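A.B. asks: Residue-level listing of the chains:
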Amino acid sequence: MREMERKQSSGQVILIAVLAMALILLSTQIYVFEVRMSTVHLDSNSLNDYFFAIKLGSRNVVIGSIANVSEGGSNTVLMANLDKLVALVNRQNQFGRSTLNYTVEETAPYSSGVWLFWGTDGFGVSSAFAQFTFNLSDREVDADFSYFINVTTTLTVKGNYRTMLADEKQVNVTVNLLNEAKPALASQVTLYYRILDRWLAPNASNNYIVTDYGNGTYFASFLANIPSLTVEVSVLVRDQQQILVQTNATCS
Amino acid sequence: MGRIGITLKMFDNGGQIRIIEAFLAISVMFSALVLTAPMSSTPDLEKQGTLKKIGTQVLIKLDNNGTLGKLIEGGNWTALKQSMDLFLPAGVFYNMTIYDENMQRVNTQEVSNSNQEGSEAVVIQYLCATQSSDTHFYTIKLQLAWPK
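Line by line, the protein sequences are chains D and F. My numbering numbers the first residue of the first sequence as 1 and each following residue consecutively. My numbering numbers the first residue of the second sequence as 1 and each following residue consecutively.
Extracted from the complex, chain F is given alone in its bound form:
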């Protein structure tokens, strides 16, 4: 009778241990999934690459005939904003900051189409040299983002 009682108790404990083991296994798997989830939902790098490409192409297009340098040199921020609005695809948020050779901010007005937060944001750094006879250099930081 005593032997049967011990065996039964052991079987009871074994069941609890199984439950604990199963619970542990589930927790390990769950935590692994939880840990990897943010990694798989990191910014879509393809989307970021596309944004970078679009932004660089727009700046190159504007700079190709010296227009970009002329607009900056002339402080024509409204025209610069209009050009960006025209060349960038609809729905892309942008914010442009222009610095001179001493990294002092040049644009006195916002060259931006939104103050909203976007997703998959990228920053493009572009060096612009003017075609004017007194050559000036400007560093352009263009932030681009898709709407959330």
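Only chain D is shown next, with the shape it has when bound in the complex:
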């Protein structure tokens, strides 16, 4: 009789075992699914790309701002643009809560993150400098990232002249352009020479030639009747980031 009861209940045991197996199967699948989801969320490559994109955006803003200031815009443009960037980045929640902060360089020669020095000794600088801190926080990640962006366009000009006939002089000017201390190409090179109080641009009638060496060095040459013993030239260069820089130099 007992044997028969045991046989009768064995079906229920099988049913319970099957139920347990089904539960294990389900929970395993759910676990695997969750693990795969979190793996994708925490993919360090995705985060690196995200950080890089934020840094790239910051750099673009600094370049645009210094281009604006170099063309006569206010020094406050940099901070105004960075404020906008910060607001937009902090609104993003693709990977978690983003917090971007910045400080502009105030140590001399910078003021509000901008340094414009267009000298008379053959040296000119247009520069902007800002430091950033970026924090990304989520349930699964808390990452800090700090970086700085320094965009500096430097211009150096050296020149000499040779007297031809009477006041006629052949002036040779060498221009060097650098972006962040590396040779850079210009999108525009404009040269002026001074006669008394007037600045004149040489043209074809002056046999004006500009040679581009392709490595950030430009050689300009022209003929002009200049009565003074020294020749003053002014060189205005726009780099390929549309940042303007200018300097005056005396050729002797």
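What the hints contain is simulated information worked out from the structure, not anything from laboratory work. From a predicted model like this one, the values you see are computed outputs, not experimental measurements. There may be inaccurate statements among the hints.
Stated by the list, open to error - Computed cross-link-like contacts, DSSO-like style, restricted to lysine-lysine with a CA-CA straight-line distance of at most 27 Å:
| hint | chain 1 | residue 1 | chain 2 | residue 2 |
| --- | --- | --- | --- | --- |
| 1 | F | Lys141 | F | Lys53 |
| 2 | D | Lys55 | D | Lys182 |
| 3 | D | Lys182 | F | Lys61 |
| 4 | F | Lys70 | D | Lys182 |
| 5 | F | Lys70 | D | Lys84 |
| 6 | F | Lys141 | F | Lys70 |
| 7 | F | Lys81 | F | Lys61 |
| 8 | F | Lys70 | F | Lys53 |
| 9 | F | Lys81 | D | Lys55 |
| 10 | F | Lys53 | D | Lys55 |
| 11 | D | Lys84 | F | Lys141 |
| 12 | D | Lys55 | F | Lys70 |
| 13 | F | Lys47 | F | Lys148 |
| 14 | D | Lys55 | F | Lys141 |
| 15 | F | Lys61 | D | Lys55 |
| 16 | F | Lys61 | D | Lys84 |
| 17 | F | Lys61 | F | Lys47 |
| 18 | F | Lys141 | F | Lys61 |
| 19 | F | Lys141 | F | Lys47 |
Since the structure of chain D is already known, use the hints to place chain F on it.
C.D. replies: Okay, now just chain F, sitting in the frame of chain D:
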């Protein structure tokens, strides 16, 4: 005789119960498998991760020298589409929508290579700042998908 009849009947019922139990067990297992099947066939997250990476890399590549901002600022949607066609691997469907700072759609033309439905679709959100002296900000939503 009466006792033998009862026992036989009990044995008959026992067989039916076994069949019902077996049927129940099979149904439980079957339903468990049916329930977990969609979970295992959810979008391939590795494929989605790859798509996201590819898309972000393409946008970074275009943005690196300010080209992306220039094309958007100039409304040069044809050139933008050509650049995407060039940089994205063949066979990847994409659809790009560009919004300004006020989240108003900027692109007047479709920047897309397909109106077909793809699989393992992902959306990438990318903030683009222009390098121009009057800095503009654009939010790019790039949808990518593998062909079905």
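A.B. asks: Compare the structure with each hint and give your call.
C.D. replies: Verification of the hints:
1. F:Lys141 with F:Lys53: holds (14 Å)
2. D:Lys55 with D:Lys182: Measuring from Cα to Cα gives roughly 20 Å; hence the hint holds.
3. D:Lys182 with F:Lys61: holds (21 Å)
4. F:Lys70 with D:Lys182: holds (24 Å)
5. F:Lys70 with D:Lys84: holds (19 Å)
6. F:Lys141 with F:Lys70: holds (17 Å)
7. F:Lys81 with F:Lys61: Within the cut-off at roughly 14 Å; holds.
8. F:Lys70 with F:Lys53: holds (23 Å)
9. F:Lys81 with D:Lys55: Within the cut-off at roughly 25 Å; holds.
10. F:Lys53 with D:Lys55: Cα-Cα ~17 Å, so holds.
11. D:Lys84 with F:Lys141: holds (19 Å)
12. D:Lys55 with F:Lys70: holds (18 Å)
13. F:Lys47 with F:Lys148: Satisfied, since the Cα-Cα distance of roughly 13 Å is no more than 27 Å.
14. D:Lys55 with F:Lys141: Distance of about 19 Å is within 27 Å: holds.
15. F:Lys61 with D:Lys55: Judged against 27 Å, a Cα distance of about 13 Å means the pair holds.
16. F:Lys61 with D:Lys84: holds (23 Å)
17. F:Lys61 with F:Lys47: Cα-Cα ~21 Å, so holds.
18. F:Lys141 with F:Lys61: Distance ~16 Å between Lys141 (chain F) and Lys61 (chain F) Cα, so the pair holds.
19. F:Lys141 with F:Lys47: The given pair, whose Cα atoms are some 19 Å apart, holds under the 27 Å limit.
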